[in-house]
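Participant: Starting from the given sequences, assemble the full structure and let the hints guide the process.
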Amino acid sequence: MTRNSVRIGSGSAGAIDRVELAVDMVRGGDVKYLALDCLAERTLALAQLRKSAGTGPGYDPRVPAFGKQLLPLARERGVTVIANMGAADPHGALEHFQEHADAYGLRGLKVAVIDGDDVLDHLKQTDPVVMETNRRVSELANGIVSANAYIGYERIFEALADGADLVIGGRIADSSLFLAPLAYELGWAADDWDRLAAGTCVGHLLECGTYVTGGNFADPPFTTIDDFDNPSLPMADVSADGTAVLRKLPGSGGRLDTLTCKLQLAYEVHDPTQHRSPDVISNFAGIEVSDSGDGGVAIRGATGTPRPEQLKVVVGVAEGFIGENQISYAGAGALDRAMLAKGILERRIGGLASDRDIEEWRVDLLGVNALHGNRSSVSVDAPPYEVHVRGAARCGDRRAAEAVAAEVEYLMLWGPAGAAAGHRARIAQIVSAYSAFVDRDDVSTRLTMCTL
Amino acid sequence: MAVKRVSVREIACARAGDKGDVSNVVVVPYEAAGYEFLREELTVERVREHFGELVVGDIVRYELPGIQTLNFVMTGALAGGVTRSIWLDAHGKSRASLMLTLELDGWPA
Numbered sequence: 001m002t003r004n005s006v007r008i009g010s011g012s013a014g015a016i017d018r019v020e021l022a023v024d025m026v027r028g029g030d031v032k033y034l035a036l037d038c039l040a041e042r043t044l045a046l047a048q049l050r051k052s053a054g055t056g057p058g059y060d061p062r063v064p065a066f067g068k069q070l071l072p073l074a075r076e077r078g079v080t081v082i083a084n085m086g087a088a089d090p091h092g093a094l095e096h097f098q099e100h101a102d103a104y105g106l107r108g109l110k111v112a113v114i115d116g117d118d119v120l121d122h123l124k125q126t127d128p129v130v131m132e133t134n135r136r137v138s139e140l141a142n143g144i145v146s147a148n149a150y151i152g153y154e155r156i157f158e159a160l161a162d163g164a165d166l167v168i169g170g171r172i173a174d175s176s177l178f179l180a181p182l183a184y185e186l187g188w189a190a191d192d193w194d195r196l197a198a199g200t201c202v203g204h205l206l207e208c209g210t211y212v213t214g215g216n217f218a219d220p221p222f223t224t225i226d227d228f229d230n231p232s233l234p235m236a237d238v239s240a241d242g243t244a245v246l247r248k249l250p251g252s253g254g255r256l257d258t259l260t261c262k263l264q265l266a267y268e269v270h271d272p273t274q275h276r277s278p279d280v281i282s283n284f285a286g287i288e289v290s291d292s293g294d295g296g297v298a299i300r301g302a303t304g305t306p307r308p309e310q311l312k313v314v315v316g317v318a319e320g321f322i323g324e325n326q327i328s329y330a331g332a333g334a335l336d337r338a339m340l341a342k343g344i345l346e347r348r349i350g351g352l353a354s355d356r357d358i359e360e361w362r363v364d365l366l367g368v369n370a371l372h373g374n375r376s377s378v379s380v381d382a383p384p385y386e387v388h389v390r391g392a393a394r395c396g397d398r399r400a401a402e403a404v405a406a407e408v409e410y411l412m413l414w415g416p417a418g419a420a421a422g423h424r425a426r427i428a429q430i431v432s433a434y435s436a437f438v439d440r441d442d443v444s445t446r447l448t449m450c451t452l
Numbered sequence: 001m002a003v004k005r006v007s008v009r010e011i012a013c014a015r016a017g018d019k020g021d022v023s024n025v026v027v028v029p030y031e032a033a034g035y036e037f038l039r040e041e042l043t044v045e046r047v048r049e050h051f052g053e054l055v056v057g058d059i060v061r062y063e064l065p066g067i068q069t070l071n072f073v074m075t076g077a078l079a080g081g082v083t084r085s086i087w088l089d090a091h092g093k094s095r096a097s098l099m100l101t102l103e104l105d106g107w108p109a
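Protein chains in written order, with the working numbering: chain A, 1 to 452; chain B, 1 to 109.
Each hint should be verified, as a subset may be incorrect.
Claimed, not checked - 20 Å max Cα-Cα, derived EDC-like pairs, lysine to aspartate or glutamate:
id, chain 1, residue 1, chain 2, residue 2
1, A, K312, A, D271
2, A, K68, A, E41
3, B, K19, A, E41
4, A, K32, A, E76
5, B, K93, A, D17
6, A, K32, A, D162
7, A, K312, A, D441
8, B, K93, A, E41
9, A, K51, A, D121
10, A, K312, A, E360
11, A, K32, A, E154
12, A, K68, A, E20
13, B, K19, B, D105
14, A, K124, A, D439
15, A, K312, A, E132
16, B, K19, A, D162
17, B, K93, A, D291
18, A, K110, A, D127
19, B, K19, A, D271
20, A, K312, A, D121
21, B, K93, A, E76
22, B, K19, A, E268
23, A, K68, A, E95
Claimed, not checked - Computed list of chain B residues with no C-beta within reach of chain A, every gap over 12 Å:
id, residue
24, A2
25, A33
26, E40
27, E41
28, V44
29, F51
30, A79
31, R95
32, L104
33, D105
34, W107
35, P108
36, A109
As the list claims (entries may be wrong) - Label pairs and their computed distance ranges (CB to CB):
id, chain 1, residue 1, chain 2, residue 2, range
37, B, G52, A, A417, 30 to 36 Å
38, A, F222, B, E41, 15 to 21 Å
39, A, D441, B, E41, 43 to 49 Å
By construction, these hints were calculated from the structure, which means they are not laboratory data. No residue lacks a Cβ here, since even glycine has one placed at the ideal position from N, Cα and C.
Facilitator: What follows is the structure, given as structure tokens:
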């Protein structure tokens, strides 16, 4: 039997979100479903690298914390949890929960695992064009680590119909995690594009978590937040007609109003009249937001047209290493000494680049021009008290990256006065995300149900 | 009517997002009058001039009239994107603050 409305909550806005906020949502939100987005563009490729190198799990490293803190409470409250926490290894996440079912108190929990988003073999056979390079996948110079299609809500819908308490997937599109319980509970047909767009819009607003409840917002005196110490993820009451009221937890800090919702609506959207997701092409241009009168924000007006025939694939490519380091100067003349250091570094790194595998490098002055380069405002009346010099390079091999970072540190011994080396070199593997498209019919997703 | 020069920050807030090498900067005015003013004055040309060499490719401005929002979509704007950029702000989140420093003439004094 379908309902007139359902409340769903956000439990995560990517791989670094706090588990405690998801727990708060289950405890205080009175939600029927909690959806957790656990993946950004390269998260999955990094997970695949961890898995193949044996340095960590292919699933979200928060899986044990979800098992200990979140899932037992969700079970107690009757909240169904949906998450792409499986990343590169959804079955690995299931195995973890199976192994610890007694310790976590999850025995008897009905779990659905969705896979089939891994299309690496298919991609190697069909060799599609890479959007960023306009060349074929096989022409990518470096090694492909992973290729995962963004898959839609359908398998989650089936899992819910089968009575799943927990749904684990890999590269399920962020908004699809939220759309599935809406379509299931509210009885939306698979070709009811306007309602699927409305649900996608709700998912879009919830998937970035605190971005709609006051995060990335305060810019005093123009925009302010009352209480930064008590954040809340968002939740939504969604009606069968697709209208929704966004809310945050009672008593929480932060801010949820028409302004925070407007700012998030076009976030990471390109053409708002044709926002593509695996489930529908949404038109957000006519959306309206208003104060609901009871502390929430009402959202209405998304419309939709049939879903795309092709699915986007995120292709992870290992492209060497980034090496970076910083050195700092303070007091009178700090900027002059930083400029002196910058000149030394430019000549040294430039010299290294002539015989090392250094593809690109730069030297920035933090506090002066590191974020906006030459577009930084020069109209400051007083020179900065502190300046940090940062050298960074993208290199073909780890040793070149280390050499660049070492040049920065060496400024302590041969460079301007008062160099503070409080930073430590960062050497990190680069996994670039490229995109390609595959036919929907060529992606065979699978649903596996099991009881812990 | 007396007019004055304002920074975008005085009349609107902004947020930047990234998809690959594409940066989008959303600008939302505080009041309805601000939307009409920004539609007139915060043109692609002004934004291109302000962002300069940070944006290599096209800039397209989309309008969301239902929520009085402008969305600037900038291609080739993130030095290859968050996954391979060697810039400190690889996501380009601080590009929203750059947008807010842009100054416009003609705001009612």
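Participant: Now tell me, hint by hint, if it's right for this structure.
Facilitator: How the hints compare with the structure:
Of the supplied pair hints, the one linking A:K312 and A:D271 holds, its CA atoms being roughly 16 Å apart against a limit of 20 Å. At roughly 27 Å between alpha-carbon atoms, A:K68 and A:E41 are farther apart than 20 Å, so this suggested pair is violated. Using a Cα cut-off of 20 Å, the hinted pair B:K19 and A:E41 holds, with the two alpha carbons roughly 8 Å apart. A distance of roughly 12 Å separates the Cα atoms of A:K32 and A:E76; the hinted pair therefore holds under the 20 Å criterion.
For the given pair, B:K93 sits about 17 Å from A:D17 by alpha-carbon distance, which is consistent with the 20 Å threshold. As the CA atoms of A:K32 and A:D162 are separated by approximately 16 Å, the hinted pair is consistent with the 20 Å bound. Our distance criterion of 20 Å between C-alpha atoms is met by A:K312 and A:D441, whose separation comes to about 13 Å. Proximity of B:K93 to A:E41 is assessed by CA-CA distance (about 15 Å); at most 20 Å being required, the pair is judged to hold.
Straight-line distance between C-alpha atoms of A:K51 and A:D121 comes to about 17 Å, which keeps the hinted pair within the 20 Å bound. At roughly 29 Å between alpha-carbon atoms, A:K312 and A:E360 are farther apart than 20 Å, so this suggested pair is violated. Using a Cα cut-off of 20 Å, the hinted pair A:K32 and A:E154 holds, with the two alpha carbons roughly 19 Å apart. Distance hint between A:K68 and A:E20 is fulfilled; the C-alpha atoms sit about 11 Å from each other, no more than 20 Å.
A distance of roughly 32 Å separates the Cα atoms of B:K19 and B:D105; the hinted pair therefore is violated under the 20 Å criterion. For the suggested pair A:K124 and A:D439, the alpha carbons sit about 14 Å apart, so the restraint of at most 20 Å is met. Among the hinted pairs, A:K312 with A:E132 is consistent with the structure: their alpha-carbon atoms are about 13 Å apart, no more than 20 Å. Annotation: proposed proximity of B:K19 to A:D162 is violated, straight-line Cα distance about 35 Å (limit 20 Å).
Note on B:K93 and A:D291: the hinted pairing is violated, with a Cα-Cα distance of about 28 Å set against a maximum of 20 Å. Of the supplied pair hints, the one linking A:K110 and A:D127 is violated, its CA atoms being roughly 38 Å apart against a limit of 20 Å. A distance of roughly 13 Å separates the Cα atoms of B:K19 and A:D271; the hinted pair therefore holds under the 20 Å criterion. A distance of roughly 16 Å separates the Cα atoms of A:K312 and A:D121; the hinted pair therefore holds under the 20 Å criterion.
Restraint check for B:K93 and A:E76: the C-alpha separation of about 39 Å exceeds 20 Å, so the hint is violated. Under the criterion of a C-alpha separation no larger than 20 Å, the hint pairing B:K19 with A:E268 is consistent with the structure, at around 7 Å. Restraint check for A:K68 and A:E95: satisfied, since their Cα atoms lie roughly 15 Å apart, inside the 20 Å limit. Non-interface status of B:A2 relative to chain A is upheld: no Cβ of that chain comes within 12 Å, the nearest being about 22 Å off.
Every CB of chain A is more than 12 Å from the CB of B:A33 (nearest about 15 Å), matching its label as outside the interface. The claim that B:E40 is not at the interface with chain A holds, since no C-beta of that chain comes within 12 Å of its own (minimum 19 Å). With a least CB separation of 18 Å from chain A, B:E41 remains clear of the 12 Å interface cut-off, as annotated. For B:V44, the shortest C-beta to C-beta distance to chain A comes to about 15 Å, beyond the 12 Å cut-off, and the non-interface label holds.
Not every Cβ of chain A is farther than 12 Å from the Cβ of B:F51; the closest lies at roughly 7 Å, contradicting the non-interface assignment. A beta-carbon of chain A is positioned within 12 Å of the beta-carbon of B:A79; the least distance is around 8 Å. Against the 12 Å criterion, B:R95 falls within the reach of chain A, whose nearest CB is about 8 Å from its own CB. Every beta carbon of chain A lies more than 12 Å from that of B:L104, the smallest distance being close to 16 Å; the non-interface claim holds.
No Cβ of chain A approaches the Cβ of B:D105 within 12 Å, the least distance being about 17 Å, so the stated non-interface status holds. Residue-level check passed: B:W107 sits 14 Å from the nearest beta carbon of chain A, beyond 12 Å. Every beta carbon of chain A lies more than 12 Å from that of B:P108, the smallest distance being close to 18 Å; the non-interface claim holds. Interface exclusion of B:A109 from chain A stands, the closest Cβ pair being 18 Å apart, more than 12 Å.
With their beta carbons about 34 Å apart, B:G52 and A:A417 fall inside the hinted range of 30 to 36 Å. Separated by about 18 Å at the C-beta atoms, A:F222 and B:E41 satisfy the suggested range of 15 to 21 Å. Our hint of 43 to 49 Å for A:D441 and B:E41 holds, since their Cβ atoms are close to 48 Å apart.
In terms of the numbered hints stated before, the structure departs from hints 2, 10, 13, 16, 17, 18, 21, 29, 30, 31, listed from lowest to highest.
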